[in-house]
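Chains as they are written, first to last, in this note's numbering: chain A, 3 to 140; chain B, 3 to 140; chain C, 3 to 140; chain D, 3 to 140.
If you're looking for bench data, these hints aren't it; they were derived computationally from the structure. Honestly, I wouldn't trust all of these hints.
Mimicking DMTMM-like on lysine to aspartate or glutamate, the simulated pairs with C-alpha atoms at most 25 Å apart in a straight line are [unchecked claim]:
{"id": "1", "chain 1": "C", "residue 1": "K80", "chain 2": "C", "residue 2": "E41"}
{"id": "2", "chain 1": "D", "residue 1": "K110", "chain 2": "D", "residue 2": "E61"}
{"id": "3", "chain 1": "C", "residue 1": "K110", "chain 2": "D", "residue 2": "E41"}
{"id": "4", "chain 1": "D", "residue 1": "K80", "chain 2": "C", "residue 2": "E61"}
{"id": "5", "chain 1": "D", "residue 1": "K110", "chain 2": "C", "residue 2": "E61"}
{"id": "6", "chain 1": "A", "residue 1": "K110", "chain 2": "B", "residue 2": "E61"}
{"id": "7", "chain 1": "A", "residue 1": "K80", "chain 2": "A", "residue 2": "E41"}
{"id": "8", "chain 1": "A", "residue 1": "K80", "chain 2": "B", "residue 2": "E61"}
{"id": "9", "chain 1": "D", "residue 1": "K80", "chain 2": "D", "residue 2": "E118"}
{"id": "10", "chain 1": "D", "residue 1": "K80", "chain 2": "D", "residue 2": "E41"}
Number of protein chains: 4
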Amino acid sequence: MYHEIQIRPRFSETDANGHINNTVPAVWFEEGRATLVREIAGVRPSIIIARFAIDFVREMTFGHPVTIRTGIARFGEKSFAQRQESWQRGQLCARAETVECGWDSVNKRTVRISDEIRNALAPYMFEDQPVEPAMNVT
Amino acid sequence: MYHEIQIRPRFSETDANGHINNTVPAVWFEEGRATLVREIAGVRPSIIIARFAIDFVREMTFGHPVTIRTGIARFGEKSFAQRQESWQRGQLCARAETVECGWDSVNKRTVRISDEIRNALAPYMFEDQPVEPAMNVT
Amino acid sequence: MYHEIQIRPRFSETDANGHINNTVPAVWFEEGRATLVREIAGVRPSIIIARFAIDFVREMTFGHPVTIRTGIARFGEKSFAQRQESWQRGQLCARAETVECGWDSVNKRTVRISDEIRNALAPYMFEDQPVEPAMNVT
Amino acid sequence: MYHEIQIRPRFSETDANGHINNTVPAVWFEEGRATLVREIAGVRPSIIIARFAIDFVREMTFGHPVTIRTGIARFGEKSFAQRQESWQRGQLCARAETVECGWDSVNKRTVRISDEIRNALAPYMFEDQPVEPAMNVT
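Isolated chain A, as found in the complex:
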């Protein structure tokens, strides 16, 4: 299962190549993750981002809404990963995975993801086909 939000690209998010700059989808994905965790699952875990990876499949452009799908890819002991997709005009345009770690901000170290967080996020496993390389490049 995944949660969807709608994004309205801003003109300032385009670049001189005429499309959405490659650094911008990360901003939209951040909104998708925050919405799933805080508003939909309703929890406010203390987390830090350990890793973010994005595959670009098709360019995105200004003037058409973008749908961001967000779900959980997997749980670790001290982390969980969110999997996301970006769609525009009916086509998959980007895929991303973000690894987030539980964080003890007082002692500045990673900590276990609590059962409360796990249980709240568990219903949102993104169970679709696995993420594959964006392009067949060798």
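Once you've looked at the hints, dock chains B, C and D against the given chain A.
Okay, now just chains B, C and D, sitting in the frame of chain A:
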């Protein structure tokens, strides 16, 4: 070998957590890649970004310069990968790898990386230790 | 009369002061102007921005939607001005005025605003009270 | 007198019109103001921005450094104004004025600019010709 540029973080690049927002280093890394390829190696390949992955090691803050190191990770047939590091106050803060594909913008398809591009970039292999996971998370 | 759009602030738009960075509302206002002119009035004038001024009345924060109101402030011979307001949680937070000039992109010079553009935008005069200084500062 | 900083435009700061997006110079001007006040004058006043106005004179592009000139336009009782210019390739491209108010963050109200702040900033009066409208538009 790697090429270094200096970045001066902008206050608008911080977020309400008090540090540099996680989506910002991608903007700095884009500057590092463009500088290495266009200004240092002196070539202007027609390329598209297929994949970008970033490991966050330490938070970065406003008020201190950031050094971006950029080199080549490897060459493929139709692609090459750039490896990058972000340093602030003498500490490694983020690592990134970007896969870029040769692009035929007329026929809209990936193409081979030309020998001219390969030869120009070959001296800049980032020969350090391999990129490892940012944190020991399971 | 004015046209309203809803903006969902992005976390990356906050800064280390804990609120929306002062450079961000300009991005939202750009969306409001483009929507009024292109989607609501349905015209696509060739224009350039000559001047943008913004008064900050109250800080804006992440986590609450923002309403952008956009209307026409006045018409000149070669320009028109759009007047805008930003509202969050029922309170006026910022006011802006943008002067846009008709632009001949071939000859690179300002030109008259056509009657077609004038007529399309005329119904959207922002007829409220005039824009006053944001704060009583001397 | 004015203080100068050099800005290296980022590719993500361009837009689909092929030049620097109109919302971007505000980010650069913010860097110029912070540098003048905090690093050059060496004070850290508690201030909020009451007003920002920018005149666009010429477009700016990626690939060439930008010089930001920053000085003091005038002092008020509870505020001061900074005047700024943006130059690229030897040409004036934008002018801005920012009004900043002394701020009591505990009582959430504007306060007098202290003599210490006044004295530290006084040497940096931007004494050039006054700011005039960017274009002769009526």
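Outcome of the hint check:
1. C:K80 / C:E41: Measuring from Cα to Cα gives roughly 22 Å; hence the hint holds.
2. D:K110 / D:E61: Judged against 25 Å, a Cα distance of about 39 Å means the pair is violated.
3. C:K110 / D:E41: Given pair K110 (chain C), E41 (chain D) is violated - Cα atoms ~40 Å apart, limit 25 Å.
4. D:K80 / C:E61: holds, 19 Å
5. D:K110 / C:E61: Status holds; Cα separation ~11 Å.
6. A:K110 / B:E61: holds, 11 Å
7. A:K80 / A:E41: Since the Cα atoms of K80 (chain A) and E41 (chain A) sit roughly 22 Å apart, the hinted pair holds (cutoff 25 Å).
8. A:K80 / B:E61: holds, 19 Å
9. D:K80 / D:E118: holds, 13 Å
10. D:K80 / D:E41: At roughly 22 Å apart (the allowed maximum being 25 Å), E41 (chain D) and K80 (chain D) satisfy the hint.
Hint compliance for this structure: hints 2, 3 are broken, all remaining hints hold.
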